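Student: So the chains spell out like this:
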Amino acid sequence: MSDTKKFLYVNRKAPYGTIYALESLEVVLIGAAFEQDVQLLFMDDGVFQIAKGQDTKGIENKNFSPTYTALGDYEITKMYVSQESLDERGLTIDDLMPLTYEDEDDDWAEKSSIIVVNNAEIAALMEEQDVVLSF
Amino acid sequence: MSDTKKFLYVNRKAPYGTIYALESLEVVLIGAAFEQDVQLLFMDDGVFQIAKGQDTKGIENKNFSPTYTALGDYEITKMYVSQESLDERGLTIDDLMPLTYEDEDDDWAEKSSIIVVNNAEIAALMEEQDVVLSF
Amino acid sequence: MKFTIQVNEGPYQHQSSDTAYQFTRAALEAGHEIFRVFFYHDGVNNATRLTTPPQDDRNVVTRWSELAEKHNLDLVVCVAAAQRRGIADADESKRNGKDADNLAPGFRISGLGQLIEGGIQSDRLVVFGD
Amino acid sequence: MKFTIQVNEGPYQHQSSDTAYQFTRAALEAGHEIFRVFFYHDGVNNATRLTTPPQDDRNVVTRWSELAEKHNLDLVVCVAAAQRRGIADADESKRNGKDADNLAPGFRISGLGQLIEGGIQSDRLVVFGD
Amino acid sequence: MMLHTVNKSPFEKNSLNSCLNCAAEGSTILLIEDGVYGALKGSSIADKVQAAMGKVTVCALGPDLAARGIADKVIDGIKVVDYAGFVALSVENDKVQAWL
Amino acid sequence: MMLHTVNKSPFEKNSLNSCLNCAAEGSTILLIEDGVYGALKGSSIADKVQAAMGKVTVCALGPDLAARGIADKVIDGIKVVDYAGFVALSVENDKVQAWL
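Going down the list, the protein sequences come from chains W, F, P, E, U and G. Under my numbering, the first residue of the first sequence is numbered 1, with each subsequent residue one higher. Under my numbering, the first residue of the second sequence is numbered 1001, with each subsequent residue one higher. Under my numbering, the first residue of the third sequence is numbered 2001, with each subsequent residue one higher. Under my numbering, the first residue of the fourth sequence is numbered 3001, with each subsequent residue one higher. Under my numbering, the first residue of the fifth sequence is numbered 4001, with each subsequent residue one higher. Under my numbering, the first residue of the sixth sequence is numbered 5001, with each subsequent residue one higher.
Looking at chain W on its own, in the form it has when it is part of the complex:
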């Protein structure tokens, strides 16, 4: 067993209606310190977690969506998003926040962390993992 494992965080729930999205993000942030190979998957209502323009003043709750845009700084650069889930919700990639990272192997060029995947690709992605955390 190698010391580096592939971790996949599967996010399938909408933000704010329940706390899972927020507390999942807290795991991702703590987990980043462990130098594992980390990937996030947003599918089903989880795609709403990274929707643009969230404004939580009216519900007097914390808007934690900016944290997703900071994950690139934690070397979390692979954010998979389900195409079918976007389609079902009438969303496109333009409805999502831009999530980017600076590629150290390419003169720190800013690149998108978002990788849109279909169901078959999600199946393959899951099979590649060592550990799957679901929220």
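These are computed hints drawn from the structure, not numbers from a lab. Be careful, since some hints might not be right.
[Said to hold, decoys possible] Below 20 angstroms or equal to it, Euclidean Cα-Cα: the simulated PhoX-like pairs (lysine-lysine) are:
1) G:LYS5073 <-> F:LYS1052
2) W:LYS78 <-> W:LYS57
3) W:LYS52 <-> U:LYS4041
4) F:LYS1052 <-> G:LYS5055
5) W:LYS5 <-> E:LYS3002
6) E:LYS3098 <-> P:LYS2098
7) P:LYS2070 <-> F:LYS1006
8) F:LYS1057 <-> G:LYS5073
9) P:LYS2002 <-> F:LYS1005
10) W:LYS6 <-> E:LYS3098
Small disclaimer: the values here were computed from a predicted structure and weren't measured.
Place chains F, P, E, U and G on chain W using the hints.
Tutor: Chains F, P, E, U and G only, in chain W's frame:
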């Protein structure tokens, strides 16, 4: 405002996976002492609450299904069951526990408390109520 | 108009308690009467004074306590649901042989009859849950 | 084989904690090692010693405590989730200026790193939730 | 008449669907919490919501729409209300049914 | 290979549907808790489950079937296991994904 109100308990959740069915039943039992006009509606996964043959030994949980059969003794004699919900689950009335009461206006004849209703009848039933408790 | 509010979920995990709070506050601001707020199921977990949420987040429990104090609200926690989940005032704690209690100020523990009474006495019962 | 178990829901409201318990017990009976049981989200509510369930029902909290004692299990409660929901041991209670604590025997409060470590050190991570 | 509240995403749970099937003509449906996703324009269930709008009034809670970043993507004809408006709806209708 | 657990009723939530859409060929799906309703013979989703059984193995937790009174109404070909069998499945497969 009259002292007697029409109360409808709407049961839409399966038993055991969550506690709502059990704790809803506890409200019904306590509520019976208040001499209101009480009705129960089982729809969606709520129809599973009154399924025959429940045996909870394996999950080490309390089997509370016999309590439904005792509700007739509490003068709760109107148990509405959604036809569409039964159909969707491939169930018929024979898959449900017999829920009965003794009709004091008819020489204590034993009668079924179960009334199968369609969606339109559920809509009308809800509109008739004073108070709707949902679980 | 007279309202009874039912809260079925605990703080933070679900938005139910937040929405119930906003609804209750708005009803009071509109001049309505809140006959009772009844905490059932995991809703009883709104009544623990042991929470310490992050400083940049709302304090769900304290918010209820403060609203109760300001408007003399009747915040009732179902005793049966509370026993299952470990919410107790000093009396309950003693009766059940426990060495501690955790009920927050402004809440009281009572029976399910209080919910039925709320339904009978109020013009509207509004339920918030999962 | 080495397992870490994650429990995301509290006792009674959801079956998650029951199923996690049955799985853990079956794994131990089959000779496997339980590296850790990690309680997250409302799962932290499994760790209050103030519950008094009805006598004809299972005692979810005590059952975990007893299994932990018998098999020397590491039952870890996430500190951040516990603070939000009012689960505290004596130290936490003191640190947060509270006048009581409620942690049940056999549980300990620690950080989220313990969950990640469970994922790294174990052969399998199995999650139970809602 | 009845006020129906729906607080679950229609993509995750069956609550909105059951509510639409059983809401009497002339009643009002208020989408709250994750239920506001039912107000989303162009989704796979938007047609069903729009079709129901001939029979029932559909409202959505503004603070919940804004929190989720979809305040400007609401199906035409859905009335957006705040918490005071939620209270007003529960006064105008003579009972409230929560589709949990 | 992967073990997928589904603990939600397919009539209430989308978990089983999402799982069936994303489970790789040869993987195993174990229905637990309210998820066991997905094993029910003759339901509106039984055809979808049966169709998937060509590609994946579907199991259901016996104690949960019995609790719900549907132990004798299980789709043919679904393998019923107990908690020890659940543990065995999570050993045979090299990771577990919970569709919560």
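Student: Each hint needs a verdict: does it hold in this structure or not?
Tutor: Each hint, compared with the structure:
1. Note on LYS5073 (chain G) and LYS1052 (chain F): the hinted pairing holds, with a Cα-Cα distance of about 12 angstroms set against a maximum of 20 angstroms.
2. Annotation: proposed proximity of LYS78 (chain W) to LYS57 (chain W) is violated, straight-line Cα distance about 30 angstroms (limit 20 angstroms).
3. Between LYS52 (chain W) and LYS4041 (chain U) the CA atoms are separated by roughly 15 angstroms; this keeps the pair inside 20 angstroms, and the hint holds.
4. Only pairs whose Cα atoms come within 20 angstroms are accepted, and LYS1052 (chain F) paired with LYS5055 (chain G) is rejected, the gap being roughly 33 angstroms.
5. In summary, the hint linking LYS5 (chain W) to LYS3002 (chain E) is supported, as the alpha carbons are separated by about 15 angstroms, within the 20 angstroms threshold.
6. Simply put, LYS3098 (chain E) and LYS2098 (chain P) have alpha-carbon atoms about 17 angstroms apart, close enough for the 20 angstroms limit, and the pair holds.
7. Taking the CA atoms of LYS2070 (chain P) and LYS1006 (chain F), the gap is near 33 angstroms; set against the 20 angstroms cutoff, the hint is violated.
8. With a CA separation close to 19 angstroms, the supplied pair LYS1057 (chain F) and LYS5073 (chain G) stays within the 20 angstroms bound.
9. For a cut-off of 20 angstroms, the pair hint linking LYS2002 (chain P) to LYS1005 (chain F) stands: about 15 angstroms separates their Cα positions.
10. The straight-line distance between the Cα atoms of LYS6 (chain W) and LYS3098 (chain E) is roughly 40 angstroms, outside the 20 angstroms bound, and the hint therefore fails.
Of the hints listed earlier, those the structure fails to meet are numbers 2, 4, 7, 10, in rising order.
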